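Input sequences plus hints: build the corresponding full structure.
Going line by line, the protein sequences match chains A and B. Residue 147 in numbering that gives the first Met the number 0 sits at position 148 of the first sequence, with consecutive numbering throughout. Residue 279 in numbering that gives the first Met the number 0 sits at position 280 of the second sequence, with consecutive numbering throughout.
Treat the hints as calculated values from the structure; they're not laboratory data. Quick caveat: nothing in here was measured; it's all calculated off a predicted structure. Treat the hints loosely; a few may be bogus.
It does not matter which identical chain is meant; a pair holds if it fits inside one copy or across any two.
As the list claims (entries may be wrong) - Each computed DSSO-like pair below joins lysine-lysine, with the alpha-carbon atoms no more than 27 Å apart:
(1) Lys255 to Lys431
(2) Lys362 to Lys23
(3) Lys431 to Lys30
(4) Lys94 to Lys219
(5) Lys219 to Lys391
(6) Lys255 to Lys30
(7) Lys391 to Lys487
(8) Lys255 to Lys23
(9) Lys435 to Lys462
(10) Lys30 to Lys362
2 protein chains.
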Amino acid sequence: MFSLQRQVYLDNNATTSVSRPVRKRMMQVLKGYYGNPSSPYSLGRSAARILAESRATVAGAMGAQAEEVIFTSCASEANNFLLKSLSQHYLAKGKRKIISSPIEHPSVMQTLEYLESSGVEVCYLSVDSQGFISLHELESLLDESTFLICCMLANNEIGTIQDIKGICELARQHNIHVMSDCVQALGKIPVNVNELGVDFASFSAHKIYGPKGVGAIYMKGDLPLCPLIHGGHQETGIRAGTESLHNIAGFAEACKAIPDSLAKQQQIAQNKQFFINGLKGLNEALQIISPDRACLSNTISVRFPGLNNAVLMATLDLYGISASAGSACSTAGTEPSHVLLSLGLSEEQANETLRFSLSETTKQRDLLYTLRIFSNVFAGKTPEIQAVRASKIDKAFIENPQNYLLDIRFWHERQMLKGIPNSYEVSFLFFKRYVKQIPKNKNIVVICMGGIDATAIAFTLKKRGIDNISFVLGGVVAWRLAQADLYKEIGGFNITKLTPS
Amino acid sequence: MFSLQRQVYLDNNATTSVSRPVRKRMMQVLKGYYGNPSSPYSLGRSAARILAESRATVAGAMGAQAEEVIFTSCASEANNFLLKSLSQHYLAKGKRKIISSPIEHPSVMQTLEYLESSGVEVCYLSVDSQGFISLHELESLLDESTFLICCMLANNEIGTIQDIKGICELARQHNIHVMSDCVQALGKIPVNVNELGVDFASFSAHKIYGPKGVGAIYMKGDLPLCPLIHGGHQETGIRAGTESLHNIAGFAEACKAIPDSLAKQQQIAQNKQFFINGLKGLNEALQIISPDRACLSNTISVRFPGLNNAVLMATLDLYGISASAGSACSTAGTEPSHVLLSLGLSEEQANETLRFSLSETTKQRDLLYTLRIFSNVFAGKTPEIQAVRASKIDKAFIENPQNYLLDIRFWHERQMLKGIPNSYEVSFLFFKRYVKQIPKNKNIVVICMGGIDATAIAFTLKKRGIDNISFVLGGVVAWRLAQADLYKEIGGFNITKLTPS
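Now the structure itself:
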């Protein structure tokens, strides 16, 4: 029942594994080219040559010139730099409006939110039920004050591919810049910044079988943008800091495999259709959220009416299957996906939705296995845990000595919100060291910050023979909202910190 | 004469090689732990565990608690984040003054410069001829408006170790924060943030035999600082972006070796003294710039009166010896080191100074070899190239058909400054592809941006049998200043771009 042997990784939009050629190249560089690329002697120059060659390769993969590419530590940094520096530049010129889609990556959404506090006006487009923006609406919003349209090429959660070319044509007529987060598109659809017509774009290595910790910016023209990181002359002065040469070389190596990846998309699309058909065959009620046209061939967003996605994800995890309830970058499961809400789903519906993202190495037998587990889930044959609504955790519940509240939040989450009174604190990551101390004769109620991590712990305890097990839906965040007075009155009271054994 | 076999790397303050255990650990993580640490399923949790363990290890190495450590992509990012976010926080509270040493790393200096343009008042301490600040002067500068003292623990160019503990005691009396760049100190002297008493500190992996592309911030207390990179909840919301887990694990592995490194410092100090004695024995005129007390045991800054450091560095490079003319992060040799100027050296004296920084693996035979090369240099037995003063390159010089001006600048440097008229452009990094096209019967004058890169090319050509070879001291930067009218009138005229063959 609890076989953890098989691993089926269906969360490739969160991150991919690192391919063997990439790892090999990284080792080569780590070992043989340790010179600082900024140093003018031979060891430095050989490092600088690798940097130059890598830049040309990465540029080629996006249809750009080497001198239009700036390496960063990740796409989040790239998005932050572009949005902040462009805003700083144009605010000084009296322009203050950015038009954005509402389904951008958190690194765009949260940066826009921050910029709003410093004088930028952000105008969000609406999207239809499949995540597409409307060029008509976009055109109606353009005005003299607009300096930037920010719209991702392909959405990470549902796979929607926007008409960036159309957006750029519109923008050009009004002399407005277009910036596009191309992170999820690269390697899955052909990406050519010139054909798209964008002025700025962001990319990441760890979505294309490259290493985590390196991204790239495409920048057309020579706007004098203010660096996000001041200091050295690296990256033509736009981005200081000694280059992570092995990461950059790994990124380039990953880019070399893009033509191969593109050739494999048809097979991936077939696998996706196979999986969708299989799921539909098991459960007619489920709803495919991903668009039926202009969608990434590897991305499937599915709603399972009546099933909580946190529980579902934890159940799949029991069987070695990795799927996702949203962007890994959004605030650890404390809120339903902003993307799904933008499509018109209710909070409850969003919390019934899972994302599966296939890779080049996903086999049909992996999908068959996953379908078999789903078949067991739908038939009630997999282990179950009870969900407790946060509103039910009132004073009586807390004071009932039969209830044993187990708080598995991270230390920084504990700093953000006080715990439920009478709860016992343990470490989520190193939970196994505490298991022996959990009483078997009580009702164990597992609590995390947002209702996701708790499910994994609940299943772990169930596996260890604890049957009276439940978790709090929405975690402490939901409890604080549902029991605001109680939180204020006695939140954080009588907490016991267990010590690992 | 031109043996390139032996490699003696004496620039370990710029970057170190990556140790075998670090490389091994990085490979392990790259291969086996590719899950996103933010993902709530097993693969993500095992990645998150590595992240947590690494954080505890790195924190331990600086005497901090895990929750006080934030990972960044480099120390430059760490310094930028701390200075910018602290300024933003305190400007809003009406405090606006930062007191800094004048010999900080470029990522501090240039960030301070930027902050001055946004309302921060930066007050620079003076330093004595060995780089030490004065606590008396510091105390006299403290006032109600001061929110931060920023001073590095150990200087990268000359090795001076400041009395940070004394600074912190002073600061505490006035309720002022202290931030210390501890990048060069870690692994060379014991670093304990609590004993020092600092509130904020920055660290880097690639100076302690770890990978490039990862740094750390130490942060005491819970000031609500604004992230430099907005987006995900990573690093407790202070620094978004998927973590470069293999780099972070490599950093932790490097930290594990710090006790070993500290134990080796005595041997390194003996090697340093051996080298200094050797140099002094060869040339009595040379001047040791590094302090004779409270100095890093691996760092030697030496002035060679009458010798240009660019030429010297290129000569050493011919023999496989890597030394440095300043921080690798400063603007590619276009200006003399700000550190040396702060000590009271003239520009000319600063341009006669080289830095040697030893590592744990530097052997006495490496130093003997280096001394032998120096002995040849002082005896005039090494190849020589002529230096041309920028002021000598006037209209007549340019129009003389016997002169062949070879511009080897990087493309972005060419965007910054126009070239000398009639010059031929080639690639510095891929220079070998152009060598056959260089005429042997002319006076070849190699030009780079700041006068350093050109020396390497000049020696390469000399090796290929071109004897009439010289380079422009100070490069195009110096020429533009020396011949301002000519630059304005005909800069960039009649440039030929050679094609590689």
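Verification of the supplied hints:
no.: 1; hint: Lys255 to Lys431; result: between (42 Å within a copy, 25 Å between copies)
no.: 2; hint: Lys362 to Lys23; result: within (24 Å within a copy, 30 Å between copies)
no.: 3; hint: Lys431 to Lys30; result: between (37 Å within a copy, 24 Å between copies)
no.: 4; hint: Lys94 to Lys219; result: within (20 Å within a copy, 39 Å between copies)
no.: 5; hint: Lys219 to Lys391; result: neither (56 Å within a copy, 38 Å between copies)
no.: 6; hint: Lys255 to Lys30; result: both (21 Å within a copy, 19 Å between copies)
no.: 7; hint: Lys391 to Lys487; result: within (17 Å within a copy, 78 Å between copies)
no.: 8; hint: Lys255 to Lys23; result: both (14 Å within a copy, 25 Å between copies)
no.: 9; hint: Lys435 to Lys462; result: within (13 Å within a copy, 73 Å between copies)
no.: 10; hint: Lys30 to Lys362; result: between (34 Å within a copy, 20 Å between copies)
Hint violations for this structure: number 5 only, all remaining hints satisfied.
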